[in-house]
Amino acid sequence: MTTTTRTPAPPRPEAAVAGPTLARLTGVELRKLADTRAGRWLLITIGLIAAVIVVVQLFVVEAPDQTFTAFFTPSLLPVGLLLPVLGILSITGEWSQRTALTTFALVPRRERVIVAKLAAVVLAALASVLVSLAVAAVGTLAAGATGGAGAWTFDWQLLPHAAVFQVVNVLMGAAFGLLARNTPLAIVTYLLLPTVWSLLAAMISALREPARWLDTSYTMEPLLGAEMTGGQWGRLGVSLAVWVLLPLVAGLVRTLRREVS
Amino acid sequence: MIEVDQLTKRYGPHTAVADVTFRCEPGTVTGFLGPNGAGKSTTMRMICGMTPPTAGGATVAGRPYRDLPNPGREIGVLLDASAQHAGRTGREALTLAARTMGVDRARVAAALDRVGLNETAARRRVGAYSLGMRQRLGLALALLGDPRVLILDEPANGLDPEGIFWMRGLLRDFADRGGTVLLSSHLLREVEAVADRPVVIGGGRVVAQGGKDELLAGAGTLVRARDAHALRLTLERAALPATAGTDGGYVVRAEPGQVGQAAADAGLVLTELRPAGSGGLEQLFLTLTAGASTKEAVR
Chain A
57 MTTTTRTPAP PRPEAAVAGP TLARLTGVEL RKLADTRAGR WLLITIGLIA AVIVVVQLFV
117 VEAPDQTFTA FFTPSLLPVG LLLPVLGILS ITGEWSQRTA LTTFALVPRR ERVIVAKLAA
177 VVLAALASVL VSLAVAAVGT LAAGATGGAG AWTFDWQLLP HAAVFQVVNV LMGAAFGLLA
237 RNTPLAIVTY LLLPTVWSLL AAMISALREP ARWLDTSYTM EPLLGAEMTG GQWGRLGVSL
297 AVWVLLPLVA GLVRTLRREV S
Chain B
9 MIEVDQLTKR YGPHTAVADV TFRCEPGTVT GFLGPNGAGK STTMRMICGM TPPTAGGATV
69 AGRPYRDLPN PGREIGVLLD ASAQHAGRTG REALTLAART MGVDRARVAA ALDRVGLNET
129 AARRRVGAYS LGMRQRLGLA LALLGDPRVL ILDEPANGLD PEGIFWMRGL LRDFADRGGT
189 VLLSSHLLRE VEAVADRPVV IGGGRVVAQG GKDELLAGAG TLVRARDAHA LRLTLERAAL
249 PATAGTDGGY VVRAEPGQVG QAAADAGLVL TELRPAGSGG LEQLFLTLTA GASTKEAVR
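Residue numbers (the working numbering), protein chains in the order written: chain A, 57 to 317; chain B, 9 to 307.
Think of the hints as simulated: they come from the structure by calculation, not from any bench. Only a predicted model underlies this, so the values are computations on that prediction, with no experimental measurement involved. Just so you know, not all the hints are guaranteed correct.
What the hints assert, rightly or not - Chain A regions said to be covered by chain B (calculated; three or more residues, Cβ under 8 Å):
id: 1; segment: 77–85
id: 2; segment: 88–100
Said to hold, decoys possible - Calculated from the model, a selection of chain A residues having no Cβ within reach of chain B, i.e. all distances over 12 Å:
id: 3; residue: Ala119
id: 4; residue: Gln153
id: 5; residue: Leu162
id: 6; residue: Val163
id: 7; residue: Leu312
A virtual CB, placed ideally from N, CA and C, is assigned to each residue, including glycine.
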């Protein structure tokens, strides 16, 4: 083999090198949520848990109280517990499985990948609210058929609140995942930090007032009801700035600078 | 076309890559050759925007990698064949990449076919793949966007001899059609077999580069005569520095013409006279990298 002069290939047309749109990247990230066995089972589990809660409600709630709302609201909590795991895994999976090497080779502007990931998990969170609505509807029909109230009473304010509740849950998970970049660390931190915070606030009286603004288990609770005051929104905003926005920004900066290997 | 300009990477006091400069022209295969821990992978990761360099820069197709809007369509990259999600099937890994690049889905099947992964293999999870199969999948991924440039880190790793032979042919063909290839290897034979331009790196520095012929030219002449003893005396008399090979021949630090002349003057019958070639390059590789640290860089 010797070095000979070869004619260079003609330049390719400009259209072929146009970058992927955010919508396309979001589609890819949505696909990644479901294209592994682990990911698929997490999604199935989230759906199943919502269904199980409704079945339990059918047995434990007094017949006259078996309304649509009575089925819908309780299903939000366990789903809200698993959505952060989905958020965490969507980010940390790239590092633990080292697919970041491929992902960022195809999309070197890493912030676009992160934004697409956040969009994908937010869409998943919104879809989970639809699942909650669907299983609640089935529960209401079943209640009507089995002698319960089966009333379709529903305060529509509850719907945007539920959507915010689940979106916040999944984003908080993603933010922790972005900051920790390591699945076990992110999950443990996510589960432990708020609990430790609540415990401290319960023990130390000086922390009680800040906790009302910073403890997400406290500030997010009103989202499960139909009424929310301006003060409650304010406290929610402050707690989210600390527990979602801050880790999100710090994690993003870290990811952009990080060495991928 | 790949241009690497004074790339440098330091990790604290440790310098992984120092002042590395080279070019890869269209139509050529550049072999990035060096022992383990010499800085090959770090250099390649810097070229692909994965590792921020401490100093210097690199461009691919005229632009820094990170500025390319859709790099997969211009540059095929395989930095680590093991960096695939173990739970995804081979086909799914390619489908994700095809969607990201905006490449027709039909190309996925074609790419799998091109690297010799059949239907059964494509449906299996990557976790169940052998290293050789992962290399093939990685190569399929790199070729998927129909790029003009290939950057491959140790692509022969884990391939069986037949697979290595197949890959050489594929890369040679890619370059012959005007493509640019940069591949790394710690195996001299590998680089020798496929590359026309070796870039030898040791201890983070480029210690030799150029056309293979140029590098080999400096490697001396191999000579063999029917009467080995007479040949040795003749070489001594002509003051040509020679070292005895393992198989009765001599490697002489001189042009074949000089050696042939000396033999003719002495009336010797030569059975072999040629540039030392591969044997010489091997010696060159060993000498050039002997002083270099062969410890794996600790990152």
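Task: Hint check, failures only - done: 4, 5, 6, 7
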